[in-house]
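Let the sequences and hints guide you as you build the complete structure.
Residue numbers (my numbering), protein chains in the order written: chain A, 1 to 309; chain B, 1 to 309; chain C, 1 to 309; chain D, 1 to 309; chain E, 1 to 309.
Check the hints yourself; a few may be wrong.
[As the list claims (entries may be wrong)] Reference excerpt, derived from the structure (chain D facing chain C, CB under 7 Å, subset only):
hint, residue
1, Gly-16
2, Leu-149
3, Val-156
4, Gln-196
5, Ala-199
6, Glu-219
7, Val-223
8, Arg-243
9, Ser-244
[What the hints assert, rightly or not] Simulated restraints on C-beta separations:
hint, chain 1, residue 1, chain 2, residue 2, range
10, E, Val-156, D, Ala-296, 49 to 55 Å
11, E, Glu-15, B, Glu-153, 41 to 47 Å
12, C, Asp-146, D, Pro-218, 34 to 40 Å
13, D, Ala-296, C, Ala-296, 55 to 61 Å
14, E, Pro-62, D, Asp-274, 41 to 47 Å
15, C, Thr-115, D, Asp-274, 36 to 42 Å
16, C, Glu-183, D, Glu-219, 55 to 61 Å
17, A, Ser-292, C, Glu-293, 48 to 54 Å
No lab work stands behind these hints, which were simulated from the structure alone. Quick caveat, the model's predicted, so the values are computed rather than measured. Here a beta-carbon is modelled for each residue, glycine too, at the ideal position from N, C-alpha and C.
The chain contents come next:
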Amino acid sequence: MKATRKVQQILANYEGENPGVKGNLCRMLMEGRLKGTGKMIILPVDQGFEHGPARTYGPNAPAYDPHYHYQLAIDAGLNAFAAPLGLLEAGADTFAGQIPTILKVNSANSLMSSTSGKDQAVTASVDDALRLGCSAIGFTIYPGSDRQLDMFEEIVEMRHEAASVGLPTVIWSYPRGEAISKEGETAIDVAAYAAQIAALLGAHIIKIKLSTDHLEVPEAKKVFEEQQIDIASQTARVKECMRSSFNGRRIVVFSGGAKKGEESIYDDARAIRDGGGNGSIIGRNAFQREKSEAMAMFDKLVSIYKGSE
Amino acid sequence: MKATRKVQQILANYEGENPGVKGNLCRMLMEGRLKGTGKMIILPVDQGFEHGPARTYGPNAPAYDPHYHYQLAIDAGLNAFAAPLGLLEAGADTFAGQIPTILKVNSANSLMSSTSGKDQAVTASVDDALRLGCSAIGFTIYPGSDRQLDMFEEIVEMRHEAASVGLPTVIWSYPRGEAISKEGETAIDVAAYAAQIAALLGAHIIKIKLSTDHLEVPEAKKVFEEQQIDIASQTARVKECMRSSFNGRRIVVFSGGAKKGEESIYDDARAIRDGGGNGSIIGRNAFQREKSEAMAMFDKLVSIYKGSE
Amino acid sequence: MKATRKVQQILANYEGENPGVKGNLCRMLMEGRLKGTGKMIILPVDQGFEHGPARTYGPNAPAYDPHYHYQLAIDAGLNAFAAPLGLLEAGADTFAGQIPTILKVNSANSLMSSTSGKDQAVTASVDDALRLGCSAIGFTIYPGSDRQLDMFEEIVEMRHEAASVGLPTVIWSYPRGEAISKEGETAIDVAAYAAQIAALLGAHIIKIKLSTDHLEVPEAKKVFEEQQIDIASQTARVKECMRSSFNGRRIVVFSGGAKKGEESIYDDARAIRDGGGNGSIIGRNAFQREKSEAMAMFDKLVSIYKGSE
Amino acid sequence: MKATRKVQQILANYEGENPGVKGNLCRMLMEGRLKGTGKMIILPVDQGFEHGPARTYGPNAPAYDPHYHYQLAIDAGLNAFAAPLGLLEAGADTFAGQIPTILKVNSANSLMSSTSGKDQAVTASVDDALRLGCSAIGFTIYPGSDRQLDMFEEIVEMRHEAASVGLPTVIWSYPRGEAISKEGETAIDVAAYAAQIAALLGAHIIKIKLSTDHLEVPEAKKVFEEQQIDIASQTARVKECMRSSFNGRRIVVFSGGAKKGEESIYDDARAIRDGGGNGSIIGRNAFQREKSEAMAMFDKLVSIYKGSE
Amino acid sequence: MKATRKVQQILANYEGENPGVKGNLCRMLMEGRLKGTGKMIILPVDQGFEHGPARTYGPNAPAYDPHYHYQLAIDAGLNAFAAPLGLLEAGADTFAGQIPTILKVNSANSLMSSTSGKDQAVTASVDDALRLGCSAIGFTIYPGSDRQLDMFEEIVEMRHEAASVGLPTVIWSYPRGEAISKEGETAIDVAAYAAQIAALLGAHIIKIKLSTDHLEVPEAKKVFEEQQIDIASQTARVKECMRSSFNGRRIVVFSGGAKKGEESIYDDARAIRDGGGNGSIIGRNAFQREKSEAMAMFDKLVSIYKGSE
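Rendered as structure tokens:
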């Protein structure tokens, strides 16, 4: 399928990358109802690992079934579906070729003691991603954790292997750990820094959280104030994060966090759109609602990203 | 031997998996007195490693002999026999091809200090499993331990290797360690979480413990209460665990723990059956009784799983 | 994109195959103007290798440029484009993700002496296919050649490697060589035999030539006559070839050979359609015409395969 | 050093190739007196292997010394110097970084019986090229030889390895062997075919011989005549060869063969220039003359390629 | 391009090193406006990793774009451009072959807790450097850190691998950590020691900071005083550092640190020049100014290093 000019412009930023990686990026950008717009909505379902099944699927019981998520992503016309190994395998044959998948290759969980450090286990491989026909791998890093350097080394190796076989890498860059306060985890200076680190590590797609106007690092705070960098609105903060992602040369999607009101989700999407972000990665806010509600929400989000609302 | 419709339905859930893995799952499901029912009884004998010989075999001296266990599993018409390397090797030739075996590839023991962390040693390989003609490998993880991430990385690699040569993986998912209270080890929220983790790690068969109605993790407790998830009876709790195993798309067997009264064992089996579980994995409660008693107990369990008692 | 029931039925025939391979088959079947119909038109451009540039591109000079072929395949809404390494590379970045590509991994040429045997050189690897983002590899075998056994061993190894990383294999099964007469190369018994060999070697897609009613092998001739196998029409012969491809469980596309009249091409397509074949692989008959003529021809072929003409 | 627009246009044709390969192509195109013009003159010194020392260096004794050739290439302001392993090693340290070098990785010789087949030995590796700081590897193929398929397989593997570490591949495509007459070795249809084969095998730079208006292959002859392809002049024939090199998307340099008169060399260069070729690869015609004469000749060639003569 | 006598003298110090490594050193020494002088100015842009994007690029917004830095290095006629993986990749194709690049293969960041130790993550490989066409790899060590021994072992392994494929290694030798006071980080005895350690680890180019006349280590202080080593001026201290770098047998470049006044930068350069140093590595002082100012500054620095100011 012929790629739109917009998509071709985005792909051109991945210069020097092989056609396999670009082809898979194209595949995700040309899928679903936002195809060709340069915008993306991704459904991530790794919360069963992170928070346990009841907290994750309990609010909407059909979501206990892996097929539910594949079907939701397809029916809602999303760009991609991301999940850990076992969950992807549980529907990989039924839905083969019907929706681009992202294999989340590392995972943490809630049954970790406060002294064990912020870290994740590598739970899948690039070989798994090829075997399952995935379009990308996904990996979480924790800038701010005392384990971050090890995590960086892990993803750099996996990214190298993945790219060599034509698979792009999505980095979930989530600041947390010993060096950062709770409030700092979503501070704008830290969010922009997290985006920059992911970009420098070679992420093809960067996933960060929407941020607040808090400034965590004193030296950064000083620069934000001196340079009068606008961080008053969410739109302004998205802009700063895009600028920190090689001046927009990398695809950045923003996550919404725990379930919240719909209007708030739509406002987020408008800010992402107006700030030049590439889209949303929405998990619990989608699959913890009844399917009809989730479908309506995605429908509205598509309209927003298309610019009509 | 033609697989029953029930067994074919179960195998169909392992979609995308190769015929080698499915063939071995079929072999276990079509073995013994429960063949074709979709139910399983497995005899595991790794307690000599975990607790030492006297605590394990002392109550029934013939059980010191590895052949005793092979013969018991065969005579009782069980689906499979699981044990560590040395024990399997000690009867592997005599009983070659007579009972599906599961090579337990990691093991802990009781001679570990309280500060050494909850972990196990990898004590056998996929090559060993092939050489010994096993039908699966078995691996224990400890969600809640500070060593859990390493354990996850180990099993993910071994599972990948095992599946690539047609061997399914059974994960013993036993919560314990720094992040969990003693009572929490069998809490229903934790048990269901343990099942979910095993499923996400790619287990073909999940082994967990029967649980209590305790709720360990505050955030989970809140959801169980809000969503009014029924955990009053063992049957209800088995249902919740099956739901947490990809909505029943994975085979789950439940272990009984230390030796206890027969009626209690039968009640457990009825709860497993009525909650949609796939069966029992019974070690000490079998081989610590005299063989005739054990045979009678298995006879009764078979009846229960067939639905007639 | 949701696959049609027809495509899902076709994919179900590739049982035991991993989701990666099925996903790529789906990708080709769900591409272009025939998407979802189970029919395919593929543009192959390896004749520059086989016959030299002037004989190949001379009749339509723009075809000297590799981009011409990518663009033609995209503009005509075909299912896939097949070519050797260098030609694919020359447009792989510009057209990344826009049309499924098949990397032809072996090639012969016309500068071979009559005594050198019918063989091809392996000119690309599975790694190349991944790096270039291809959807499949393609390989030619010559049943009937004294080198055929070596060719079979080559493709079986490459197919194994390709499938393990999610890439299907297309086998060009072209009878020729010491064991076969010129007329026998297109004999129906030989064509059906060539299809059967490709299927047995594990081809995911089989490419054979349309055949004549000649019967080459005396023992085969006897059976065709005894069993009164209908080979009178091209439709009947296509049916026999499909039957020989695991009773239609494998995708089979038919090639047309040197440039010829349009009506003849359309009659071929109708026979392929009516005989249950999966489509056409058309090279010289496409790119040796002016682009507007080629586009009109593909338009007509699409209509024929959709059943309307 | 900033690359000229002309050089950037050439590099853009190597789409999908990594920056290492492009960087080395750029390095050669931006070296010497023709830097930035898109034209190249390369000094190849592998004739000592091919014809023996006396036939090679005898006419100009200083040429027995490897340093002579390095110095000549540097002093004349050429783009690159190509030679086999030992010869490059003999000056690699002295001239490190001063002239791009091409490691000729296979070689034939004149001490081969007429029955041993047209083939070459692989006499150096990609590792050698990196260790010696080379800018490319060079490899000879003999289309027309009964050994050609093996040669194709060798170069395809080496090219893959070389490109993965940032080294371009120059293919010397020299038709000869059982399938071709002596006159056919330089026939225009065969020369264009040789260029096409090199391009399809993935050559980054193609080296072929200037051709005659002879047409060797009957089927090709027919097309040349039908399509009225102009082959009357050397300029026209260079054009046909460029067209056969992916419509000019690949760099093509032409060799001059045995020593001949200067005017003839200059006429060749003018034809190469006017036909759109990228330059000359001149060995014996350079180093078999006295250095002052060779310098004067190169000076003249540079002027021709710059378009002023 | 013929190397100057000065450059050849410098290369001769790398005796026993292969021509690939020397060729790349030559390439950097023969690039830009200082080519052939033995002096170098390098633009390093890894501060986005070290300090975050706002602190790094905020003062000069165009610097958020990776292309800005490539272009600045080229336009200013510098010798090389150094950056981490992601940043180099973001312009590697556009600027392929136009400026020697140094791949910074390890990186720290500011989101590290005070208890996590002074260390860096390895974020790129030698393979990456080859693929991207780099002329060297760069690696930071922290003499004085509790992690320094691990860092030494990492770089020694990478240096070995890099040199074997013709890539020189630049060591950023930055004293810091548990064993050193804040003032000691730039003490002359420590700076000279840092240079010596880098040289002993096999650095081809050593990068250290300009130092103060503070003496940190008591035993060293004693010797400096006894031997009356001149450390009064920056020029004298540069001399001491060069002496400590194998008596000037290794290339040493000095970094300037945070943005400061221009005159101070020029004085530094004069001291480097007069003390026998090889040049400056200037990041923030360049790209945090407007481009026109940065260009003027580089222009002045070139003049200073050429000896005319």
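Do the hints match the structure? See the list:
1. Against a cut-off of 7 Å between C-beta atoms, the interface hint on Gly-16 of chain D holds, since the closest Cβ of chain C lies about 4 Å away.
2. Annotation: Leu-149 of chain D was flagged as interfacial toward chain C, and the flag holds, the nearest CB pair being 4 Å apart, inside 7 Å.
3. A least Cβ separation of about 5 Å between Val-156 of chain D and chain C falls short of the 7 Å threshold, and the interface hint therefore holds.
4. Annotation: interface hint on Gln-196 of chain D holds; nearest CB of chain C at approximately 4 Å, less than 7 Å.
5. With its C-beta approaching chain C no nearer than about 5 Å, Ala-199 of chain D sits inside the 7 Å limit, and its interface hint holds.
6. Evaluation of the Glu-219 of chain D hint against chain C yields a held restraint, the C-beta minimum of about 6 Å falling below 7 Å.
7. A hinted interface residue such as Val-223 of chain D counts as satisfied when its beta carbon comes closer than 7 Å to some beta carbon of chain C; here the least separation is about 5 Å, so the hint holds.
8. Hint on Arg-243 of chain D holds. Least Cβ distance to chain C is approximately 5 Å, under the 7 Å limit.
9. Below 7 Å, beta-carbon pairs count as interface contacts, and Ser-244 of chain D has one with chain C at about 4 Å; its hint therefore holds.
10. For Val-156 of chain E and Ala-296 of chain D, the hinted distance range of 49 to 55 Å is satisfied, since their beta carbons lie about 52 Å from each other.
11. For Glu-15 of chain E and Glu-153 of chain B, the Cβ-Cβ distance of about 45 Å falls inside the hinted range of 41 to 47 Å, so the restraint holds.
12. A beta carbon spacing of about 25 Å between Asp-146 of chain C and Pro-218 of chain D contradicts the range 34 to 40 Å that was offered as a hint.
13. A C-beta distance of roughly 59 Å is found between Ala-296 of chain D and Ala-296 of chain C, which places it inside the suggested range of 55 to 61 Å.
14. For the pair Pro-62 of chain E and Asp-274 of chain D, the supplied restraint of 41 to 47 Å holds, since their beta-carbon distance comes to about 44 Å.
15. Taking 36 to 42 Å as the suggested C-beta distance range, the pair Thr-115 of chain C and Asp-274 of chain D conforms, at roughly 41 Å.
16. Remark: the range hint 55 to 61 Å for Glu-183 of chain C to Glu-219 of chain D is contradicted by a beta-carbon distance near 20 Å.
17. At roughly 51 Å, the beta-carbon separation of Ser-292 of chain A and Glu-293 of chain C lies within the given 48 to 54 Å, and the hint holds.
When each numbered hint is compared with the structure, violations occur for hints 12, 16.
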